[in-house]
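J.: What follows is each chain in one-letter form.
There are 2 protein chains.
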Amino acid sequence: MIIPKAVQNLIDSFERLPGVGPKTAQRLTFYLLHVPQGELDKFANSLQSLKKDTVLCSICYMIGESDPCGICTDSRRDHSTICVVEQPLDVLALEKSERYKGIYHVLHGKIDPLNNIGPDEIFIGQLIQRIKNKKPGIKEMIIATNPTMEGEATAMYIAKQVKAQDPEIRITRIGRGLPIGADLEYADEITLQRALEGRNEY
Amino acid sequence: MIIPKAVQNLIDSFERLPGVGPKTAQRLTFYLLHVPQGELDKFANSLQSLKKDTVLCSICYMIGESDPCGICTDSRRDHSTICVVEQPLDVLALEKSERYKGIYHVLHGKIDPLNNIGPDEIFIGQLIQRIKNKKPGIKEMIIATNPTMEGEATAMYIAKQVKAQDPEIRITRIGRGLPIGADLEYADEITLQRALEGRNEY
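Residue numbers (our numbering), protein chains in the order written: chain A, 77 to 278; chain B, 77 to 278.
This is chain A alone, in the form it adopts within the complex:
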C-alpha cells in the first residue's frame, strides 16, 4: 500500500531467489535505490543476457559460451578420465581445487524419487552414450555426486550402469571423511563411519 509498485516489483523478484526472505529482499531493493541508474541498467542487462549468451555443452552438459565447451576442447586435459557431478557449480569448485585435470559430465540433478526425479530426468543416459561412443578412450570415471542420500543413490545407479556398459572402466567415488580443519569430537556418526571405511595406508 505505502510501497510504490516499482519498489514492490523488485522486492518480489528478489524474494523469488533461493535463500532470500522478505526482509533481505526489502533491504536489497532499498539499497539499489541509492545506486546510479547506470549500475541498475548493467545489472538488468546481465540478467537479460544470462541465458541468451550461454549454451549447454553437448558433450559434458556444462554451461559455457560455446559448444563444445572450453574444457571439452582443451587438448591439454586428460580426456580418458571423466568426473561426474550434479551441478555446474560443482565443476567450478573442482576446478578451483586445481587437482583435477580430466574432463567432466554434469548431470544437472540427482535421482530423487521423493521429488519425482528419476534417472531419465537427468543426463545419465547421455553419460552412458558418451562411454559407448568413445569406448576405448575412457579409463576412469570419478563419481563426485554429493555425499547425501540422493547423491549416494545416484552414484550407485551410475556405477552399475557404467559397469554393465563397459566393465573395463575403473569406477571410483570421491573420498568421504572428515573435512580439513574439522574436529573429530563434533563429527556426526555417518561421517566418522565413512572416514574409518575410507582410511588410507601410510
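For the record, the hints were derived by calculation from the structure and aren't laboratory data.
It is possible that part of the hints are untrue.
Calculated cross-link-like contacts (lysine-lysine; reagent style DSS-like; alpha-carbon spacing at most 27 Å) [what the hints assert, rightly or not]:
1. B:239 x B:177
2. B:99 x A:118
3. A:118 x B:81
4. A:81 x B:127
5. B:128 x A:99
6. A:127 x B:127
7. A:81 x B:177
8. A:127 x A:172
9. A:236 x A:208
10. B:99 x A:99
11. B:127 x A:128
12. B:99 x A:127
13. B:118 x A:127
14. A:177 x A:210
15. B:81 x A:127
16. B:172 x B:215
17. B:128 x A:128
18. A:177 x A:215
19. A:118 x B:127
20. B:208 x B:239
21. B:118 x A:99
22. A:81 x B:172
23. B:81 x A:128
24. A:215 x A:236
25. A:99 x B:177
26. B:128 x A:81
27. B:81 x A:177
28. B:215 x B:177
29. A:128 x B:118
30. A:118 x B:118
31. A:128 x B:99
32. A:118 x B:128
33. B:118 x A:81
34. A:99 x B:172
35. A:99 x B:127
Covered stretches of chain A, going by a simulated chain B footprint (3 or more residues, C-beta under 8 Å) [unchecked claim]:
36. 107 to 115
37. 165 to 177
Virtual Cβ for every residue (Gly too), placed ideally from N, Cα, C.
Chain A is fixed; fit chain B onto it per the hints.
T.: Below, chain B alone, put in the same frame as chain A:
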C-alpha cells in the same frame, strides 16, 4: 576462465549487493539459469524502472509513487505528530506495527562524523524548515532514529535544533529497553541501563 562472460557479469552484479558474498552470488546466478527467460526479463525490468518510477516526497522525503506521497496526503492521519526516522525502510517497519497514525520525516542517514556525514548531508535542515512553515500545526515529534551511537547523537542534535526553533513542540525519543521475547540474562549492560531508565509506572 571457465565461467562464461554472461554468467560472470551477473555474479559480479550480485556481489556488489550488501551482504552477498562470492559464493551466494554464484549460487543465485546458477539458480537463475534454470528460470524461464520471461522471469529474467521481469526481474530486469523491475531493476530498470526502480528509480524511474519512484520519487522522493518533497514533504517527508519518503520514497513514493507521487509527490507528495500517500502518507502526507492522507487526511485520516494525524498531521500534528511527526516521526523522524533514518531510512525509508524504518517507515515500513513502523507502519507494519499499526500503532502510529501520524506522519513521517525520513532523514536518509544519520550524523556520522567518522564517515564524513554531518547534519547538512541528511534532511535535518528540511525538517526544521517544515516546522517553521507549519508552526502551529505540529504538536509532537517522536525521534525514532536507531538506538546506536550515531542514531542517539542524531536524535540529540535534532531535539536541540527543534527546541531552539519552537519550544512548544513536545519532543520524545522512541522507547529503549528489552525487546519482547528477550532474556534479561543475555541482555547487554547498556540495554539494561536504558531499560531501567525507561521504566514505566504501573
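J.: Work down the list of hints and note, for each, if the structure agrees.
T.: Here is what the structure says about each hint:
Distance restraint check for residue 239 of chain B and residue 177 of chain B: the Cα-Cα separation of roughly 23 Å lies within the 27 Å cut-off, and the hinted pair is therefore satisfied. For the hint pairing residue 99 of chain B with residue 118 of chain A, the CA-to-CA distance comes to about 21 Å; that is within 27 Å, so the pair holds. Restraint check for residue 118 of chain A and residue 81 of chain B: the C-alpha separation of about 13 Å stays at or below 27 Å, so the hint holds. With a CA separation close to 11 Å, the supplied pair residue 81 of chain A and residue 127 of chain B stays within the 27 Å bound.
Pair hint residue 128 of chain B plus residue 99 of chain A holds up; C-alpha atoms about 23 Å apart against a cutoff of 27 Å. With a CA separation close to 25 Å, the supplied pair residue 127 of chain A and residue 127 of chain B stays within the 27 Å bound. Pair hint residue 81 of chain A plus residue 177 of chain B holds up; C-alpha atoms about 22 Å apart against a cutoff of 27 Å. With a CA separation close to 24 Å, the supplied pair residue 127 of chain A and residue 172 of chain A stays within the 27 Å bound.
Distance check on the hinted pair: residue 236 of chain A and residue 208 of chain A sit about 15 Å apart at the alpha-carbon level, within 27 Å; holds. Pair hint residue 99 of chain B plus residue 99 of chain A holds up; C-alpha atoms about 20 Å apart against a cutoff of 27 Å. Simply put, residue 127 of chain B and residue 128 of chain A have alpha-carbon atoms about 26 Å apart, close enough for the 27 Å limit, and the pair holds. For the hint pairing residue 99 of chain B with residue 127 of chain A, the CA-to-CA distance comes to about 20 Å; that is within 27 Å, so the pair holds.
For the suggested pair residue 118 of chain B and residue 127 of chain A, the alpha carbons sit about 14 Å apart, so the restraint of at most 27 Å is met. As the CA atoms of residue 177 of chain A and residue 210 of chain A are separated by approximately 19 Å, the hinted pair is consistent with the 27 Å bound. In summary, the hint linking residue 81 of chain B to residue 127 of chain A is supported, as the alpha carbons are separated by about 11 Å, within the 27 Å threshold. For a cut-off of 27 Å, the pair hint linking residue 172 of chain B to residue 215 of chain B stands: about 23 Å separates their Cα positions.
Straight-line distance between C-alpha atoms of residue 128 of chain B and residue 128 of chain A comes to about 26 Å, which keeps the hinted pair within the 27 Å bound. Of the supplied pair hints, the one linking residue 177 of chain A and residue 215 of chain A holds, its CA atoms being roughly 14 Å apart against a limit of 27 Å. Under the criterion of a C-alpha separation no larger than 27 Å, the hint pairing residue 118 of chain A with residue 127 of chain B is consistent with the structure, at around 14 Å. The suggested pairing of residue 208 of chain B with residue 239 of chain B holds, with an alpha-carbon distance near 12 Å, which does not exceed 27 Å.
Between residue 118 of chain B and residue 99 of chain A the alpha-carbon distance is near 21 Å, which keeps this suggested pair within the 27 Å criterion. A hinted pair counts as satisfied when its Cα atoms are at most 27 Å apart, and residue 81 of chain A with residue 172 of chain B qualifies at roughly 17 Å. As the CA atoms of residue 81 of chain B and residue 128 of chain A are separated by approximately 12 Å, the hinted pair is consistent with the 27 Å bound. Distance hint between residue 215 of chain A and residue 236 of chain A is fulfilled; the C-alpha atoms sit about 16 Å from each other, no more than 27 Å.
Of the pairs offered as hints, the one joining residue 99 of chain A and residue 177 of chain B holds, with about 23 Å between alpha carbons and a cut-off of 27 Å not exceeded. At most 27 Å may separate the alpha-carbon atoms for a hinted pair to count; residue 128 of chain B and residue 81 of chain A meet this at roughly 12 Å. Taken as a hint, the residue 81 of chain B and residue 177 of chain A pair is honoured in the structure, with Cα atoms around 22 Å apart against an allowance of 27 Å. Straight-line distance between C-alpha atoms of residue 215 of chain B and residue 177 of chain B comes to about 14 Å, which keeps the hinted pair within the 27 Å bound.
With a CA separation close to 15 Å, the supplied pair residue 128 of chain A and residue 118 of chain B stays within the 27 Å bound. Distance hint between residue 118 of chain A and residue 118 of chain B is fulfilled; the C-alpha atoms sit about 15 Å from each other, no more than 27 Å. A distance of roughly 23 Å separates the Cα atoms of residue 128 of chain A and residue 99 of chain B; the hinted pair therefore holds under the 27 Å criterion. Using a Cα cut-off of 27 Å, the hinted pair residue 118 of chain A and residue 128 of chain B holds, with the two alpha carbons roughly 15 Å apart.
At most 27 Å may separate the alpha-carbon atoms for a hinted pair to count; residue 118 of chain B and residue 81 of chain A meet this at roughly 13 Å. At most 27 Å may separate the alpha-carbon atoms for a hinted pair to count; residue 99 of chain A and residue 172 of chain B meet this at roughly 13 Å. Among the hinted pairs, residue 99 of chain A with residue 127 of chain B is consistent with the structure: their alpha-carbon atoms are about 20 Å apart, no more than 27 Å. Figure legend: the stretch 107 to 115 of chain A, annotated as covered by chain B; annotation consistent (5 residues with Cβ-Cβ distances under 8 Å, at least 3 required).
For the stretch 165 to 177 of chain A, the assignment as covered by chain B holds, since 4 residues bring a beta-carbon within under 8 Å of that chain's beta-carbons and 3 suffice.
Every hint, counting from the list given before, is met by this structure.
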